[in-house]
Structures are given as C-alpha cells and as structure tokens.
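There are 2 protein chains.
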Amino acid sequence: MSGRPASPHTLASAEEPVVFVVDDDASVRDALSNLFRSVGLRVEVFGSAHEFLQSKLPNVASCLILDIRLPRLSGLDFQAELAKADIRIPIIFMTGHGDIPMTVRAMKAGAVDFLTKPFRDQDMLDAVTTAIERDRVSRDEARVLSDLHARFATLTPREREVMGLVTAGLMNKQIAAEIGIAEITVKIHRGHIMRKMAAKSLPDLVRMAEMLGIGPASGRPQT
Amino acid sequence: MSGRPASPHTLASAEEPVVFVVDDDASVRDALSNLFRSVGLRVEVFGSAHEFLQSKLPNVASCLILDIRLPRLSGLDFQAELAKADIRIPIIFMTGHGDIPMTVRAMKAGAVDFLTKPFRDQDMLDAVTTAIERDRVSRDEARVLSDLHARFATLTPREREVMGLVTAGLMNKQIAAEIGIAEITVKIHRGHIMRKMAAKSLPDLVRMAEMLGIGPASGRPQT
DNA sequence: GGCAGGATCATACCTAGGTTTGGGACCGCG
DNA sequence: CGCGGTCCCAAACCTAGGTATGATCCTGCC
Chain A
1 MSGRPASPHT LASAEEPVVF VVDDDASVRD ALSNLFRSVG LRVEVFGSAH
51 EFLQSKLPNV ASCLILDIRL PRLSGLDFQA ELAKADIRIP IIFMTGHGDI
101 PMTVRAMKAG AVDFLTKPFR DQDMLDAVTT AIERDRVSRD EARVLSDLHA
151 RFATLTPRER EVMGLVTAGL MNKQIAAEIG IAEITVKIHR GHIMRKMAAK
201 SLPDLVRMAE MLGIGPASGR PQT
Chain B
1001 MSGRPASPHT LASAEEPVVF VVDDDASVRD ALSNLFRSVG LRVEVFGSAH
1051 EFLQSKLPNV ASCLILDIRL PRLSGLDFQA ELAKADIRIP IIFMTGHGDI
1101 PMTVRAMKAG AVDFLTKPFR DQDMLDAVTT AIERDRVSRD EARVLSDLHA
1151 RFATLTPRER EVMGLVTAGL MNKQIAAEIG IAEITVKIHR GHIMRKMAAK
1201 SLPDLVRMAE MLGIGPASGR PQT
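Chains as they are written, first to last, in the working numbering: chain A, 1 to 223; chain B, 1001 to 1223.
Check before you lean on any hint, since a few could be wrong.
As the list claims (entries may be wrong) - Stretches of chain A that chain B covers, calculated by requiring three or more beta carbons in the stretch to come under 8 angstroms of a beta carbon on chain B:
id : segment
1  : 40-48
2  : 87-101
3  : 134-148
4  : 196-206
Hint data in this document are derived by calculation from the structure and do not stem from the laboratory. Yeah, the Cβ is synthetic: ideal placement off N, Cα and C, and Gly gets one too.
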C-alpha cells in the first residue's frame, strides 16, 4: 500500500481520458490538438480513418472527433463501420458544409454532437466533456457486466436453469417439481450458484439475473 | 365512476394511435391529414401550438408532427415547453429552411426525426411508425410504473424503510439491529410490505424496488 | 374523550432455505 | 481404465422467514 497510481482492476474513470481526432487537414488537427492540450486533455491525432483503426485503442474513457467529409471513407460511413465492428466510442462530428439529413443520420446513430465549422472552442470542449463522461459511464457498466458474464459462464447448464427459476421467484419445491428432481438437489444447486456468482444475498442474485437478462425460460441463452 | 367503457386497465397499445399535426399552413395540414388517413391512421390537425395545448390529449399512443417554424412559438421552443410541462410525446420535425444547429438541438432533445421539405411520403410514414411505436412502449412502461407507485404510496414510512433494507439483501436480524427494533417487528413489516405491494415473492419485490429506484434510503451502500 | 392507525413486541408454531456428510451413477478424456 | 466433473439423492441439523394471537403505547383527529 504505497503510492501506487492504480490497482490492476481500475475503473475506466480513474485514468486519464483521451481525445482522438481524425481529420485529413493538418491545420485542423493541430488546432484541435492545441485546444485540448490547453485544458489538460490527452490527444491523439490521425490523418485518416484507416490510421485510427490501426492504432491500439487504450482502455480508458475516450471520444472521437470526426470530420464528416473524410477522404476515402465518409465520417458517417466510418461511424457505421465502428458500430458494426462493435467499437463503441462517442463521436463528435465536425462539418464545413454538411446538410440536415447527414446530421439526422449521425445523431440517430448516437453521435454526441454535430458542430458546424467554424465553431466556438467552448462548444467543442463542452461536447468533449459530455462525450468523455458518457464513455466513462458506459465503460464502467461494460466492465461490471463483463465480470458478471464471466461468473455466469462458470455455472453448469443445470445451475443456470435453476438460477432462472430461483430469480423468477419459485420456491425450491416448485423448482424441484418443475424440472423433476428432489428439493434437496435444488438447494445444493442453489448453494453452488450463490458461491459461483458471488452473490451475498438473494436480492443480489436477482439483480445479477436482471443485468444478464435471465428468465425462467432460458434453456441456453448464452450469447 | 360510471361511464367506463373499456376495461379498467387497457394497454395503450390496444387502442387506435393518433397522429397530431401542428402547422400554420392549411395546405400542409391537409396534405399530411390525407397521407396519414390513406394508411388508416387517425389524425388531428392544429393551426398553432396553442390550439394543440388546449385540446384534450387522449390516452393512446401518439406522436406530433411539428413545423420548426411556427408563428408565435418556434417548434424547438414548443418542444422545450412540452418537456417542461412533462408532456412526453415523440416529435417529428419538418422544416423548409432549417439549419444544422437547430437539427442538433431538436435531436438532442429527443426528436424522432427531422425531415426537410419536400420529403418523401414514405420517409414521413416511417418516422411516424417509429414514433408511435416508441410512444406505445413508453406508455406501457409508464402505466406499469404508475401502478407500482400507487402501491408504494400505501406503505407507511417505516415499511418503506424496511423495504429498502430487505431488497438490499439484509437479513431480518440485521434490519432489526440497523433501525433498532425487534426482529419480530421486522417480520411483521415485511409481511405488510409483501401484501401491500402485491409481490408474489422476494425476487418480485426486488424487481419492484429496482423499478422504483429504491435503495437502503439511509445511505448505506452494501456492495 | 375516544377512536383509528401506526409502531412496537412476545410467544408459539410452522415452513423455507441452507450446509454437511456421504453416497451412487454417468460421461468424456487422456 | 481411472480421473474429474456433473448430476443426483438422503439424513441430520441448523438458521431464516412468515403468520397468528394478543397486547401496549402514542398521536392525530373528530
């Protein structure tokens, strides 16, 4: 217990966020880089979507500043690509001459903001603050859910079935009748479930089941 | 209550949805009215935001088509007014000459779509379908939550406190120690809670507490 | 004052949940 | 073929949850 900066299992919120900038215009990159650095934000710039994809994304809260009009791949298409590749990062669009349908499409797809050039520095900074915070929250949620999935994966098929029935509110004897085994066996499964899932109480387990989307009908819902 | 035609709790989804159109241009109102009626949708048109507000909103899934440029109150301001008055209805904006900041503001505030005139009929119909469906889901959720709140309101302060601790996973004896009463009294409160909330099981009660956003009120994180 | 409702508690009794100990049976895999 | 994992079960034993009966105390209210 010394002055260690962070534990191995650190919250995304505990580390330094990063702003990624993708724009083919070097002067824009420089300007944004200076802007963000002036308020103490880490920045990484890229000249193309391709470059950005090749870089290794750090596991910290981040956001992406994207020009809608990129050389080989438009900002909107890039947004769609990221979504398809399951890379979830809040996006802030910039545009010199965008139109309304573009804007609608981007916002519907979850963009944080859509700024028209020239924009005020403060508007960009506000958007980035919102985006980083959104990513921080979503990363924290994802981490919790991932831990949960890992524990759930250690359950045997039978234990998963029993977990569904337990969290649905059935009594041990009802569960036993439902799946055709003895009540004592249900109790044993139940004990295993509580230990493997690290649930401190039944309400705890119920909340885990909710997060995992577990119902009594779940035969093998493993994604 | 005498004149109750339908069953006491009807799903919003079970009734005929309505499309509201607010536009100061009569020809636009007529055109949209015809369009929606041609696909079998109920329509009600208004010449101003004021007129719309004066009308009694039926309790069915609905959506609102709004021109961004209304005479006395802009579409955006009207959207804000509705939000402030806690009138939640999905909004689809139309505009002849809108700009991107307007679009962004509308979409951030939750607009379903933002169509530029002239738009294709199909685009409008798609937007309406999405909006109606969104409203249907949100009404169903609101109805369930409202029932829950009504039952929760019948709990005494003490019962609410105990409910928070029970659903947090504390044992009866822990709850008793926590609030300084006997375990038997906790059990009695607990029985009252289950009956008043109409919970068929503890998991049931836990899910209700989740929906109501109930924690161990006295700020006791048990994670 | 008296009444209603909330909150408290005791005793008694019953059911539900949970662990331990000690098995038996099946199956895939090295 | 034996090892490990899964699934099954029983007896014994303990704790936790839940209800009923009956009671006391207080407070707000007509």
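So, going through the hints one by one against the coordinates:
1. Residues of the segment 40-48 of chain A with a Cβ under 8 angstroms from some Cβ of chain B number 0, which does not satisfy the need for three, so the listed coverage is violated.
2. Coverage of a stretch by a chain is defined here by at least three residues with a beta carbon nearer than 8 angstroms to that chain's beta carbons; for the segment 87-101 of chain A and chain B the count is 5, and the condition holds.
3. With 0 residues having a beta carbon nearer than 8 angstroms to a beta carbon of chain B, the segment 134-148 of chain A misses the requirement of three or more and the stated coverage is violated.
4. With a cut-off of 8 angstroms between beta carbons, the segment 196-206 of chain A has 6 residues touching chain B; three or more are needed, and the interface restraint holds.
Hints 1 and 3 from the list above are not met by this structure, while the remaining hints are.
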